[in-house]
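S.K.: Single-letter residue listing:
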Amino acid sequence: MISTVKTTLMEILDGSPKHRASHYVELVITFVVLVNCTAVILDSVPEIHAVYKDFFHELEFWSVMFFTVEYISRVWSLGAKYDHENGGSWKGRLQYIFSPFGLIDFFATMPHYLHMFFPALDLRILRVLRLLRILKLSKYNTALQDLFHAIHSERQAFGSAVFLLTIATIVSASLMHFAEGHAQPELFGTIPHSIYWAIVTITSGYGNVDATTKAGEAIALVTGFLGVCMAAIMTGIVASAFSNQVARKKAAFEAQLRAVFSDGHVSDDEQETLKRLQAHYRLSDQQVEAMMLSAKNKSTAKH
Amino acid sequence: MTSITDNRSSYRRIKHRAYEIMDGTVPDKYSHFVEVFVALLVVANVVGIILESVPHIHESFEAEFHAFDVFSVLVFSVEFVMRVWSYGEKYLVEKGSQWEGRKEYLFSFYGIIDFVSTVPFYLQLVFPGADLRVLRMFRLMRIFKLSRYNSAFEDMVAAVKAEKDSFSSAIFLLFISCLLFSSLIYIIEGHDQPEVFPSIPAAMHWFILTIISGWGNVDPVTFLGTVLVILTQILSIALAAILTGVVATAYTAQVERRHALYEMEVRAVLADGVVTEEEQAKLKVMQAKFGMSEDQVNAILHQMEEEKHISDAKKLKALEEKNT
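Protein sequences appear in the order of chains F and V.
Following numbering that gives the first Met the number 0, the numbering of the first sequence begins with 0 at its first residue and continues without gaps.
Following numbering that gives the first Met the number 0, the numbering of the second sequence begins with 0 at its first residue and continues without gaps.
Treat the hints as calculated values from the structure; they're not laboratory data.
Note that CB positions come from ideal geometry on N, CA and C, so glycine has one too.
Hints may be right or wrong, so weigh each one.
Keeping only pairs whose Cα atoms sit at most 25 Å apart, straight-line, the calculated DSS-like set for lysine-lysine is [stated by the list, open to error]:
#1 V/K307 x F/K295
#2 F/K248 x V/K14
#3 V/K321 x V/K281
#4 F/K295 x V/K321
#5 V/K283 x V/K307
#6 V/K314 x F/K249
According to the in silico footprint, chain F covers these stretches of chain V (three or more CB under 8 Å from chain F) [stated by the list, open to error]:
#7 51-58
#8 105-112
#9 227-234
#10 273-281
Simulated restraints on C-beta separations [to be verified]:
#11 F/T202 x V/E58: 28 to 36 Å
#12 F/H181 x V/Q123: 15 to 23 Å
#13 F/S137 x V/H190: 53 to 61 Å
#14 V/V33 x F/A250: 48 to 56 Å
#15 V/D271 x F/Q285: 38 to 46 Å
#16 F/N85 x V/A280: 26 to 34 Å
#17 F/D209 x V/I170: 40 to 48 Å
#18 F/T29 x V/Q279: 55 to 63 Å
#19 F/V34 x V/A157: 20 to 28 Å
#20 V/N149 x F/V34: 56 to 64 Å
#21 F/M291 x V/L318: 27 to 35 Å
#22 V/S310 x F/S72: 34 to 42 Å
#23 V/N322 x F/M291: 50 to 58 Å
#24 V/S310 x F/A20: 42 to 50 Å
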């Protein structure tokens, strides 16, 4: 009994598309987080603070209670993630506690208790930690996760781009130092100084400094052009990473579709699941329709 | 490898082993160690060059910097000599000439970099009066040795080569518009602002600045000049977009090419029905080289299995039909 409750709670808190309740939990947490962040921002305005001080205090107390309950139920329910053979209940719990989201959940809530016990603590640190709560939203924002996934799967390409950027920066900075170091020692006297110039030039186009020598002029122009190329490379990688990501999602959805169609007919339950998956992968109706058609054709061809 | 080397002399065997380690084609402990050691030394060298340019650091650590430079030059020289010596092995089996592989290395990008970044040090010993800045510039070339261990440059060159038509048309567009716009601005504004647009080359400088950063440090004074400046600025956005688009396509195409190559390899491995350990290792190396994630590899394997299922089903059907 308890173990089924635990598993269900885990799935709901995890946002699994199996349960409708997970959607509501998501909405409530998002709402509380947004209210909290608005409160932190408004609280920093002296006039508002003077009038609504008590209200904000109350709000903070109840939010901390809410987030604490959330944190504890997450830790408790994640015990169901792995059974005894696969590491026991503490494996899932520790995994959550030390994951980025687990750490955010912890540090966005717990410092409040510290404040209760040590009232002399610096309030500014506490406020900054309260703002961490906005990061809780990233759990529910698949776009951000998509971005991280895309970057992670193309990390080699990004690494190469960063490598090129580093080389371009160091080489152009050093060349500029050799060319202009004598003419403008206060700006290009050392390579670290010129590295600052090179980064400005690469990121924002033509730099903040006019070159005085012909060679310096040419290096500045080439560096500026390299900046345009670097922006193009980065943008290109991100664009193709995203389109690859979409392709991967489609493949995952297609696999689910095939599983649904494998027995020949689609039950209401399965239809519901597909709908939730579609929302999860953020695919449009047209895409899904096209995939369904092809999956149907394939399954009828098989039979 | 060992089966071929059995009937060779021990000298040849050592040389072949040295080639394997230096070239890094056969991933093992020793070649990895050489790679990491040389890469770290190069990074330390670059940091050294940067720090050395700060006068007060240079003054307090002059002896250390010099000792480190001597040490690096010695290591890089040994590396260079080892490469030249061992690369003779490269084509020995097929073509028969020692110098085939050596020449290829000496005149390759990396060979030239290795040479140019090391040898000027000895020149300085012979001619102590050489300009130090030139010497430092050559030393800076060592940074390009790193690209041997990072496929970024090769990837880029390959991608640009594959899409060379689009790249050359983008560059052609830039070139044509540079000629056209800088001549026009010289004609229109040259009389009113002779100090900024004294000649067409000066106008070209203005044009490139505008393309790079959106504003070329010059405000137009005539109406036509204003129109031209605005057009140039729009062109700069368009060119950036074109370049980005071309790079994105080139990159996507490259990823697809790699997928196809990997798929071919998987198909070849699966063709005989058994996956040996050697084949598995080969696939792993390929996956690492192409920077493919586990997800991608699994998707490809999944697809292969499915294809196999379908073809098996077809074969079964054909058999059944034959039997009936």
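S.K.: Now tell me if each hint is right for this structure.
M.R.: Do the hints match the structure? See the list:
no. : hint                        : in the structure
1   : V/K307 x F/K295             : holds (20 Å)
2   : F/K248 x V/K14              : violated (50 Å)
3   : V/K321 x V/K281             : violated (40 Å)
4   : F/K295 x V/K321             : violated (29 Å)
5   : V/K283 x V/K307             : holds (22 Å)
6   : V/K314 x F/K249             : violated (30 Å)
7   : 51-58                       : holds (count 3)
8   : 105-112                     : violated (count 0)
9   : 227-234                     : violated (count 0)
10  : 273-281                     : violated (count 0)
11  : F/T202 x V/E58: 28 to 36 Å  : holds (33 Å)
12  : F/H181 x V/Q123: 15 to 23 Å : holds (20 Å)
13  : F/S137 x V/H190: 53 to 61 Å : holds (59 Å)
14  : V/V33 x F/A250: 48 to 56 Å  : violated (40 Å)
15  : V/D271 x F/Q285: 38 to 46 Å : holds (42 Å)
16  : F/N85 x V/A280: 26 to 34 Å  : holds (28 Å)
17  : F/D209 x V/I170: 40 to 48 Å : violated (27 Å)
18  : F/T29 x V/Q279: 55 to 63 Å  : violated (46 Å)
19  : F/V34 x V/A157: 20 to 28 Å  : violated (52 Å)
20  : V/N149 x F/V34: 56 to 64 Å  : violated (48 Å)
21  : F/M291 x V/L318: 27 to 35 Å : holds (32 Å)
22  : V/S310 x F/S72: 34 to 42 Å  : violated (50 Å)
23  : V/N322 x F/M291: 50 to 58 Å : violated (36 Å)
24  : V/S310 x F/A20: 42 to 50 Å  : holds (45 Å)
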